[in-house]
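*Asks:* Below, each chain spelled out in residue letters.
Number of protein chains: 2
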Amino acid sequence: MNYKVEKLKVNYKTLEEFKKFKEYGLQELSMLEDLEANIIENDSESPFYGIYFGDKLVARMSLYQIDAKFDRYFEPSQDYLELWKLEVLPDYQKKGYGQALVEFAKGFGLPIKTNPRVKSKSFWEKLGFSSVQYDMERDLGENPLVWFPAGVKEQTH
Amino acid sequence: MNYKVEKLKVNYKTLEEFKKFKEYGLQELSMLEDLEANIIENDSESPFYGIYFGDKLVARMSLYQIDAKFDRYFEPSQDYLELWKLEVLPDYQKKGYGQALVEFAKGFGLPIKTNPRVKSKSFWEKLGFSSVQYDMERDLGENPLVWFPAGVKEQTH
Numbered sequence: 023m024n025y026k027v028e029k030l031k032v033n034y035k036t037l038e039e040f041k042k043f044k045e046y047g048l049q050e051l052s053m054l055e056d057l058e059a060n061i062i063e064n065d066s067e068s069p070f071y072g073i074y075f076g077d078k079l080v081a082r083m084s085l086y087q088i089d090a091k092f093d094r095y096f097e098p099s100q101d102y103l104e105l106w107k108l109e110v111l112p113d114y115q116k117k118g119y120g121q122a123l124v125e126f127a128k129g130f131g132l133p134i135k136t137n138p139r140v141k142s143k144s145f146w147e148k149l150g151f152s153s154v155q156y157d158m159e160r161d162l163g164e165n166p167l168v169w170f171p172a173g174v175k176e177q178t179h
Numbered sequence: 023m024n025y026k027v028e029k030l031k032v033n034y035k036t037l038e039e040f041k042k043f044k045e046y047g048l049q050e051l052s053m054l055e056d057l058e059a060n061i062i063e064n065d066s067e068s069p070f071y072g073i074y075f076g077d078k079l080v081a082r083m084s085l086y087q088i089d090a091k092f093d094r095y096f097e098p099s100q101d102y103l104e105l106w107k108l109e110v111l112p113d114y115q116k117k118g119y120g121q122a123l124v125e126f127a128k129g130f131g132l133p134i135k136t137n138p139r140v141k142s143k144s145f146w147e148k149l150g151f152s153s154v155q156y157d158m159e160r161d162l163g164e165n166p167l168v169w170f171p172a173g174v175k176e177q178t179h
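Sequence lines, in order, name chains A and B.
All residue numbers for the first sequence refer to my numbering, where the first residue is 23 and numbers rise by one.
All residue numbers for the second sequence refer to my numbering, where the first residue is 23 and numbers rise by one.
Chain A extracted, bound-state conformation:
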């Protein structure tokens, strides 16, 4: 499938669409408050990317580039992408939307770390993600999965 992935702007329409996603939380509430208080402008940049079906947002993810100085996952240490809130609306699952978003993220050529909230390991493995060696001080209760571009490997401790 060839889906068009778009960077989402912060506006009332998008924030209303976000309410359909299960992982609606403090991040979205905070964006709404900032918009209402004019702390951020309408249509300003968000960390979200999404795919529309017609004019309906049916899949989304957040991406944020972490600076190399905070990198505790990759060798050599480098900037990497944190990926979170990957979610496809129920009626649109199993159609390649999630995969299209993850492949889009890989296209930046940086290592990726994610901490999936639901049991979805086979989905991530199919896309080349693997578990890290658990490190309590770093990972606490997380179950991090990582993807390595060519030439990158896991940091050892």
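Quick caveat, the hints were computed from the structure, so don't treat them as lab data.
Don't take each hint at face value.
One copy or any two copies: either way a pair holds, since identical chains are not told apart in the list.
[Claimed, not checked] No farther apart than 20 angstroms at their CA atoms in a straight line, the calculated lysine to aspartate or glutamate pairs in the EDC-like style are these: (1) K141 - E164; (2) K91 - E28; (3) K117 - D161; (4) K41 - E164; (5) K35 - E50; (6) K42 - E164; (7) K91 - E45; (8) K44 - D161; (9) K42 - E55; (10) K78 - D93; (11) K148 - E104; (12) K41 - D77; (13) K26 - E147; (14) K117 - D56; (15) K143 - E55; (16) K141 - E50; (17) K143 - D161; (18) K175 - D65; (19) K29 - E159; (20) K148 - E125; (21) K128 - E97; (22) K148 - E45; (23) K41 - D56; (24) K148 - E38; (25) K143 - E63; (26) K31 - D157.
Since the structure of chain A is provided, determine the placement of chain B on it from the hints.
*Replies:* Just chain B, lined up with the frame of chain A:
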């Protein structure tokens, strides 16, 4: 209620009991592998605390003291406790087990941060926890809740 909270040791019996908890993940798998490979000793320290009903583990949480130099939540900056995997087995819920564990954590007198995975805000509010001002670079997709001992407040950015 007056429940006895115990620090849990890493051994095969405890790790078997952990399998009954929904948030069984990389942390527990890693403890099991380390035990099997003799990397850690039987009955060594774990970050888990729990409450038994008879000889059955019915509630648990993880606690880890984060060093002040990593503190991005509290003012003044100080050591604080990260609390995760708070969970009570279904048949034992609504009986005060979860509250007993959290009150035990407060007893250390340090600020506490947690990132609950399930919608349980009223539970945490009743225990004096509150949301932080969302900071994307720090919180990413998390919904952190914090508890302040006397004299401590939220760090501003």
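*Asks:* It remains to establish, for every hint, whether it holds in the given structure.
*Replies:* Hint by hint, here is what the structure shows:
no.	hint	verdict
1	K141 - E164	both (12 angstroms within a copy, 18 angstroms between copies)
2	K91 - E28	neither (29 angstroms within a copy, 38 angstroms between copies)
3	K117 - D161	neither (32 angstroms within a copy, 30 angstroms between copies)
4	K41 - E164	between (25 angstroms within a copy, 16 angstroms between copies)
5	K35 - E50	within (12 angstroms within a copy, 42 angstroms between copies)
6	K42 - E164	between (25 angstroms within a copy, 18 angstroms between copies)
7	K91 - E45	neither (29 angstroms within a copy, 30 angstroms between copies)
8	K44 - D161	between (24 angstroms within a copy, 18 angstroms between copies)
9	K42 - E55	within (18 angstroms within a copy, 39 angstroms between copies)
10	K78 - D93	neither (36 angstroms within a copy, 40 angstroms between copies)
11	K148 - E104	within (19 angstroms within a copy, 33 angstroms between copies)
12	K41 - D77	within (16 angstroms within a copy, 43 angstroms between copies)
13	K26 - E147	neither (23 angstroms within a copy, 41 angstroms between copies)
14	K117 - D56	neither (34 angstroms within a copy, 39 angstroms between copies)
15	K143 - E55	between (34 angstroms within a copy, 19 angstroms between copies)
16	K141 - E50	between (23 angstroms within a copy, 15 angstroms between copies)
17	K143 - D161	within (17 angstroms within a copy, 23 angstroms between copies)
18	K175 - D65	neither (38 angstroms within a copy, 33 angstroms between copies)
19	K29 - E159	between (33 angstroms within a copy, 18 angstroms between copies)
20	K148 - E125	within (11 angstroms within a copy, 43 angstroms between copies)
21	K128 - E97	within (17 angstroms within a copy, 38 angstroms between copies)
22	K148 - E45	neither (23 angstroms within a copy, 23 angstroms between copies)
23	K41 - D56	within (16 angstroms within a copy, 42 angstroms between copies)
24	K148 - E38	neither (32 angstroms within a copy, 29 angstroms between copies)
25	K143 - E63	neither (38 angstroms within a copy, 29 angstroms between copies)
26	K31 - D157	between (36 angstroms within a copy, 18 angstroms between copies)
Figure legend: structure checked against the earlier numbered hints; hints not met, in rising order: 2, 3, 7, 10, 13, 14, 18, 22, 24, 25.
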